[in-house]
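Required output: the full structure, derived from the provided sequences and hints.
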Amino acid sequence: MAETVQHETHGFQTEVKQLLQLMIHSLYSNKEIFLRELVSNAADAADKLRFKALSDDSLFEGNGELSVRVSVDKEAGTLSIKDNGIGMNKEDIIKNLGTIAKSGTKDFFSQLSGDQAKDSQLIGQFGVGFYSAFIVADKVTVNSRVAGAGPDQGVQWISEGEGDFAVADIEKADRGTEIILHIKEEEKEFLDDWRLRSIITKYSDHISIPVEFFKEAVEESEGPDGEKIPGTEAAWESVNKATALWTRDKSDISKEEYTEFYKHVSHDYAEPLTWSHNKVEGKTEYTSLLYIPSKAPFDLWNREQSSGLKLYVQRVFIMDDAEQFMPTYLRFVKGLLDSNDLPLNVSREILQDNKITQAIRQGCTKRVLGMLEKMAKKDAETYQSFYNEFGNVLKEGPAEDFANKEKIAALLRFASTNNENNEQTVSLADYISRMPEGQDKIYYVTADSYQAARTSPHLEVFRKKGIEVLLLGERIDEWLMSHLTEFDGKTMQSAAGANVDLSDLDDDDTKKAQEEAEKAVEGVLERAKKSLGDKVEEVKFTHRLTDSPACIVATDDGMTTQMAKLMQSAGQAVPEPKYNFELNPDHNLVKLIADVQDEDQFTQWTQVLFDQAALSEQGSLKEPAEFVKNLNSLLSNLTK
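For the sequence shown, the positions run 1 to 640 when full-length UniProt numbering is used.
A few of these clues could be false.
Computed cross-link-like contacts, PhoX-like style, restricted to lysine-lysine with a CA-CA straight-line distance of at most 25 Å [to be verified]:
| hint | residue 1 | residue 2 |
| --- | --- | --- |
| 1 | K512 | K464 |
| 2 | K629 | K530 |
| 3 | K90 | K74 |
| 4 | K441 | K250 |
| 5 | K188 | K215 |
| 6 | K295 | K355 |
| 7 | K82 | K215 |
| 8 | K530 | K441 |
| 9 | K295 | K366 |
| 10 | K490 | K407 |
| 11 | K366 | K490 |
| 12 | K407 | K378 |
| 13 | K228 | K215 |
| 14 | K255 | K378 |
| 15 | K241 | K184 |
| 16 | K407 | K295 |
| 17 | K407 | K377 |
| 18 | K512 | K629 |
| 19 | K202 | K184 |
| 20 | K215 | K202 |
Hints in this document: simulated from the structure, not taken from any laboratory. All of these numbers come straight from a predicted model, not from anything done at the bench.
This is the structure we're talking about:
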């Protein structure tokens, strides 16, 4: 047959070429992982056939016994992994084996460092599956046929893991896919029967279909005492337990089994942080096995990337990425659901507004939040590592899940003026426990970055009075705070808000000194408002500043600077933010301009102070040239 097969050559996607080079140089620290990946893919193919056959049992082609078979040809130096699952046609095989159809590819390659240990973990996190075959093989042949197609519709894929691959039409009597690995000379250990069986037992015991290994025939022999030892016929025998792990009793499942099952369902290389295996009985019956990963995937922020749980109904695989059972802000959760109450022919459309779906979703959400709460209380270090990876996704929760807003808020962590480094370790409960007597609000400031938040002039009075302020420097923080308005009975208050009032914390002497300072420069307000005109809503004195002469503050009914930036970055039209201009009457510059008699020069001073305040608040100016012109003019006057 090989002589008549006409192959056509295709070039690999650029990213695949790079990935294969890494594989060929054995960047996986644990080479045996290739067999886990290939067996896992084969099991998935069998699951997908079982689901499709629910509506068309002719796809079984008279054989509904699904399995994965592993065999060795020591003379040829090949290892084969064969399934009788859904199979692939030519279009599928070119798409699936010639490209990496996954977002985050560029990020993946940009993070490769040249350190083999670190890079091998990145490869695992990326979930490269099939390509791991080239860790141990210098040539890979794939023969496949789609279930339900004729024997003449088989397809063959061959590659040596370099710049291209070849594809040909072939005859294939049985459905499914067979992957033949031509094992490298230095990797011959993977042709040893015992070695392969031990790997399958280690990594694939949890797979719900049989993983079978070919057992050679043994001839009848004679024992040492002359007794006859009967021979055995060649046969396939199951190596794994072939029982769905989630259906077993929790007490019978080891940590190692839970961990390997996670790697099977998530295609992650790293171990999970924690998991919850739960069987719910009563009005709605289902089993859930939910995992919290230790590392964020590259496509975590890609809204179009599918996410969700694997869905089974009465142990029959239904779909990957069933997003209806987990809110978007928990999209990092991996695992599965097995429901007894949903129909076998359930579709995404039916799930959308299904009452059973809603009940399971509520239950799973509560379960995950409980896992995180337990982790935060009992293992703060592990929780912090989780938060560093997924905290910004969790911040989407208060806007999305009103019912659990308080629970989500308790899980959030922030940087603050109490901890002068960019570590988000402060919980809202921590903040409240440190509030001085008389303080009734939780203060925060949002900015473009942690550094911008830390140096905000709005913090000056809070530092003077020893009041802690949360420092929010992530893009999502303004969105978060627009929905998180209180916690544990305490109002959330922006330190940059127009209605910030700390006068209750001032003594009589302080209040008297403030009144005198304002009186000394009282005429400056009216003149400044006249100079700035429509640029500001109002000009007034403030005692929120200690080192800065002025600041701008969004009006009560106006949009904040950070919210305007957030909407603009999303391509939305944004109205011009409205600001009040606040002057510090104790500052020398404000006292100086109050004494300036020349109105043109006064206007220049006012414009410079306003632009300085705008630059500090917004990070940029609309008319930087005008600012420079005014500043240069004032500096020139000082030399006269």
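Okay, the hints, checked on the actual structure:
Proximity of K512 to K464 is assessed by CA-CA distance (about 18 Å); at most 25 Å being required, the pair is judged to hold. For the proposed pair K629 and K530, the alpha carbon gap of about 20 Å is at most 25 Å, so the pair holds. Our distance criterion of 25 Å between C-alpha atoms is broken by K90 and K74, whose separation comes to about 30 Å. A distance of roughly 45 Å separates the Cα atoms of K441 and K250; the hinted pair therefore is violated under the 25 Å criterion.
About 19 Å separates the Cα atoms of K188 and K215, which keeps this hinted pair within 25 Å; it holds. A hinted pair counts as satisfied when its Cα atoms are at most 25 Å apart, and K295 with K355 does not qualify at roughly 33 Å. About 15 Å separates the Cα atoms of K82 and K215, which keeps this hinted pair within 25 Å; it holds. Our distance criterion of 25 Å between C-alpha atoms is broken by K530 and K441, whose separation comes to about 35 Å.
A C-alpha spacing of about 22 Å is found between K295 and K366, which places the hinted pair at or below 25 Å, so the restraint holds. At roughly 15 Å between alpha-carbon atoms, K490 and K407 fall within 25 Å of each other, so this suggested pair holds. The hinted pair formed by K366 and K490 meets the criterion: a straight-line CA distance of about 24 Å does not exceed 25 Å. Restraint check: the Cα-Cα separation between K407 and K378 comes to about 16 Å, which is no more than 25 Å; the hinted pair holds.
Between K228 and K215 the CA atoms are separated by roughly 21 Å; this keeps the pair inside 25 Å, and the hint holds. Distance check on the hinted pair: K255 and K378 sit about 19 Å apart at the alpha-carbon level, within 25 Å; holds. This hinted pair does not check out: K241 and K184 have alpha carbons roughly 30 Å apart, beyond 25 Å. Distance hint between K407 and K295 is fulfilled; the C-alpha atoms sit about 23 Å from each other, no more than 25 Å.
Using a Cα cut-off of 25 Å, the hinted pair K407 and K377 holds, with the two alpha carbons roughly 13 Å apart. A distance of roughly 39 Å separates the Cα atoms of K512 and K629; the hinted pair therefore is violated under the 25 Å criterion. Our distance criterion of 25 Å between C-alpha atoms is met by K202 and K184, whose separation comes to about 23 Å. For the hint linking K215 to K202, the alpha-carbon distance of about 19 Å falls within 25 Å, and the restraint holds.
Violated hints, in rising order: 3, 4, 6, 8, 15, 18; the structure is consistent with all others.
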